[in-house]
Amino acid sequence: MKGGAAGGGYAQVVPMEEINLHFTGDFHAITSAHNLLSSLIDNHIYWGNELGIDQRRITWGRVVDLGDRALRKVNVNLGGISNGFPREDKFDITVASEIMAIFCLATSIEDLQKRIGDIIIAYRRDKSPIYARDVKGDGPMTVLLKNALMPNLVQTLENNPAIIHGGPFANIAHGCNTVIATQTGLKLADYVVTEAGFGADLGAEKFLDIKCRKAGLTPNVVVIVATVRALKSHGGVEKADLNNENVSAVEKGFSNLQRHIENIQSFGLQTIVAINSFTLDTEAEGKVISEGCEKLGVKAVVCSHWANGSEGTKELAEEVVKIAESSDTSKFTFTYDDDMSLEDKIRAVAQKIYRADDIVIDKAVSDQLKGFEERRIWKTPNLYCKNSIQFLY
Amino acid sequence: MSDIEIARAASKIHIRDVAAKIDIPEESLVPYGHDIAKINFDFIEKSKSNPDGKLILVTQLALLQLAKVKQLHLLALMTA
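Chains as they are written, first to last, in the working numbering: chain R, -10 to 382; chain A, 10 to 89.
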């Protein structure tokens, strides 16, 4: 779990304010580690630029733990000879830092250091890459992150243990909590519930294709949360009219849920639909969802946890356990293989997850993809970014 | 009650008692006050020989303005 998000109603983790504010300082450690590398780069240039960093091609910016529009593009090293060589720089928000994404995929402190060392920070005039380890950033940055890498334990409102650790953006990064947190949870509890940021298309795809692949995890069951309101909205109902019963809109919007179900099934995984009930939902609307799911061989269960806490998801929990205990995880497959070309990986995700006919790649982008492949990046899972527009049909 | 009122009114137990529920001994915790603790690496290393539990992924139908509902599910499932 990440960002300013600790649940709501009677389904929350506590102490909510601390979790949403400074918590155990992990985000601040990530900010420091990130900016240490930034300062090492400018310092290296100041002291003679032995590595031949092309100051126009520095890819490593700076971060701050808030979205400050005024800092998106800045000029740095101003103030004369003793302050270095002026250049353009940028600030991102900490959760968008590559350190955050790496931190969450690291399996140990040694692995973290290796991953940090592999970061490309800039290019030379001949366009060859320069790495974080070249400016000796990996060691001190890892030291700054040493305590942060220990998972954080808190509790739910009903005093059950919850591990909250890491928070990469779900739109531009993989959006999952740390691998260490998930692996530790699995060693300690019979059932570990985790989430993936954003929808079942983007969030779950990245959780499965990136995090599970990298960490060797296989979910025993995937819960897809749906609301009658969301399906009505997908069925074309305006926000102001969502409170009125509209069975045909739910029927129309069901095709969206159907694709999410089919997507999860395409990974060879077992799934169940949880209908998050709102007081104004009608029985007829709920029936459309449960009958539609049944046709796809998937169970749908109505839940009322916002109002009732865990009691409201008891039936769901029972069904989830039933599936988890009997599911066959040997059929788990990814959307694409590691050794496919970047273009083919993008095509596979576009076609299998988003149902595109094909993809068109601009020349500037295909040149960049070729550049990545010539270096070393092609054997890693791809990361897809998207806006809020989902499947269109 | 609003979310923050519910959170503030929670009857929390000491983090060592939360840890005890999943067999983490107190000496393996790095406490940050009464309610928060980090789990140290020695313990994580030792627990690696334990069998894995079942992994349950909670995901959602994508609609940004309604994104919060999934997190509620996650937490409710954790408590159920």
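FYI, nobody ran anything at the bench for these hints, they're computed from the structure.
There's no promise every hint is true.
Here are the simulated DMTMM-like pairs of lysine to aspartate or glutamate, each with C-alpha atoms no more than 25 Å apart in a straight line [stated by the list, open to error]: (1) R:K311 x R:E300; (2) R:K288 x R:E308; (3) R:K135 x A:E35; (4) R:K135 x A:D32.
Which numbered conditions among the earlier hints are violated in the structure presented, ordered from lowest to highest? none
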